[in-house]
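Assemble chain A onto chain R, guided by the hints.
Residue numbers (our numbering), protein chains in the order written: chain R, 1 to 260; chain A, 1 to 260.
A couple of the hints might just be wrong.
Given that identical chains are not distinguished, each listed pair holds provided it fits within a single copy or across any two copies.
Unchecked claim - Computed list of lysine-lysine pairs in PhoX-like fashion (alpha-carbon distance at most 25 Å, straight line): (1) Lys246 x Lys216; (2) Lys4 x Lys246; (3) Lys16 x Lys80; (4) Lys132 x Lys58; (5) Lys216 x Lys55; (6) Lys80 x Lys147; (7) Lys58 x Lys17; (8) Lys58 x Lys246; (9) Lys31 x Lys4.
Keep in mind that the hints were calculated from the coordinates and are not lab data.
Since the structure is predicted, the reported quantities are computational estimates derived from the model, not experimental observations.
The primary structure of each chain is shown beneath.
Number of protein chains: 2
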Amino acid sequence: MLSKLQIRTITSLHHKKFRREHGLFIVEGIKSVMEFVHSDYIVQHVFYTAQAAAKFVKIPQNIKSDEISEQELIRISSLKAPQGVLALVSIPSYPALRSNALSGDFTLVLDDIQDPGNLGTIIRTAEWFGFKRVVCSAGTVDTYNPKVVQASMGSLARMEIHYTDIAELIAHTPLPVFGAVLEGMPIYETDFGHEGLIILGNEGSGINAAILPHLKHRVTIPRVGRAESLNVAVSAALFCAELARKRNREGDNSPVSTDL
Amino acid sequence: MLSKLQIRTITSLHHKKFRREHGLFIVEGIKSVMEFVHSDYIVQHVFYTAQAAAKFVKIPQNIKSDEISEQELIRISSLKAPQGVLALVSIPSYPALRSNALSGDFTLVLDDIQDPGNLGTIIRTAEWFGFKRVVCSAGTVDTYNPKVVQASMGSLARMEIHYTDIAELIAHTPLPVFGAVLEGMPIYETDFGHEGLIILGNEGSGINAAILPHLKHRVTIPRVGRAESLNVAVSAALFCAELARKRNREGDNSPVSTDL
Chain R
1 MLSKLQIRTI TSLHHKKFRR EHGLFIVEGI KSVMEFVHSD YIVQHVFYTA QAAAKFVKIP
61 QNIKSDEISE QELIRISSLK APQGVLALVS IPSYPALRSN ALSGDFTLVL DDIQDPGNLG
121 TIIRTAEWFG FKRVVCSAGT VDTYNPKVVQ ASMGSLARME IHYTDIAELI AHTPLPVFGA
181 VLEGMPIYET DFGHEGLIIL GNEGSGINAA ILPHLKHRVT IPRVGRAESL NVAVSAALFC
241 AELARKRNRE GDNSPVSTDL
Chain A
1 MLSKLQIRTI TSLHHKKFRR EHGLFIVEGI KSVMEFVHSD YIVQHVFYTA QAAAKFVKIP
61 QNIKSDEISE QELIRISSLK APQGVLALVS IPSYPALRSN ALSGDFTLVL DDIQDPGNLG
121 TIIRTAEWFG FKRVVCSAGT VDTYNPKVVQ ASMGSLARME IHYTDIAELI AHTPLPVFGA
181 VLEGMPIYET DFGHEGLIIL GNEGSGINAA ILPHLKHRVT IPRVGRAESL NVAVSAALFC
241 AELARKRNRE GDNSPVSTDL
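For reference, chain R alone in the conformation it holds in the complex (with noise of 0.2 Å):
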């Protein structure tokens, strides 16, 4: 059973101020927690219901865990249909970016993306098409919000996020800077060379005024209908999918040509 304690803890945890207080965030449901157990994330604490455990893949012994009642796991759940199985993580402590380490790949640079479901699914999305990390500026929402782990299918495990004052980092990087808006070159004639960073800017007011002055390439996913601007985790997606398949083009002309 869980103290009143526990749960107030636990509860807290919904909220940003609170899980950085406690290093703590939470993970729901049986696949998403599996995947930050087997991952580089150090898992504190699983509750799962009994009807869970039936389903349950066996947790390593060295994870606390606890069976709870359905009532006690809807009052700590995030979700509104909770999902049988709630994890406290801890929050890792990343170096901070050094200015090289992202040279000789591309990385998307979130600018104030404010909606959870948009930061979970462009997190999912980069990590389908190979990419390792997301730099998020510091006014983007907590990639530990529940609702952006849960958005992010389980990929958060497996990606580096990044916060950072990404004014300062596009200002003073050695790499070409791509910006995503609507009156740009069409991204199907980007010529994206082999690294950069990908600048995807807030749902209602784009890229802020400070950083646009940096883009070397302003970059355009042409549009054919009256839609008056696509979702940003839409956008990501272009990029992400575009830059893989360009990436992957030239993995399979290089050896020829050094054959030649």
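Quick look at chain A alone, frame taken from chain R:
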């Protein structure tokens, strides 16, 4: 001031059953409401706060409109943060889809999409890429659900959304049927021709088993990393983008080949 009956009627429209009963749905936010005002939809009534009226583009005189208080808006709104304007709009009745209605074009066909945010985003994205309509299975979330309307960002005002028995449609269509699946031919190598149905499956379980045998082409978005799947609105976007791109390329080429 709103009567009790008005408040009860409007809040009942948060639920599908009462939307069908009244033949009405809710649109919120100045931008979205204006898109419906300037569409083929019949806007029955617009409610607005004094604060919103200040930033308001004038609504046509033949549309009934009333100023209400912030408190009244909060009572009838479907949003956590009401946006100053709420309109009641008539649900249109489309003629039943005839089998040849979808010829010569590509159409997204949604098989039991559950999440309103996903459906709204798919409608918005499809419009961006020049699609005219979306066909939904009877089990797909209602397109007049306030969260779908919201996520479509006004695109619902210009897109035709049909609900039909898609197993029936797919079994009898003369069009090629493409399905988004995890193990299929890479989307970039697929010859889509110039028309077809693109089937996107449910968030959790994918395309229905009853439909799978009718797929002429099983198409996959190539995965690079370890994420288990893509969000369905993301998959839909990647199909839309690819089809728009192929259509555009053919458009570019055809005058040349005609000249020859």
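Structure-based check of each hint:
1. Lys246 x Lys216: Within one copy, since 19 Å is at most 25 Å while 28 Å is not.
2. Lys4 x Lys246: Classified as neither; 54 Å inside a copy, 60 Å across copies.
3. Lys16 x Lys80: both (19 Å within a copy, 19 Å between copies)
4. Lys132 x Lys58: Neither: 28 Å inside a copy, 49 Å across copies.
5. Lys216 x Lys55: neither (51 Å within a copy, 36 Å between copies)
6. Lys80 x Lys147: both (11 Å within a copy, 16 Å between copies)
7. Lys58 x Lys17: neither (32 Å within a copy, 43 Å between copies)
8. Lys58 x Lys246: neither (41 Å within a copy, 48 Å between copies)
9. Lys31 x Lys4: The answer is neither: 28 Å in one copy and 46 Å across copies each exceed 25 Å.
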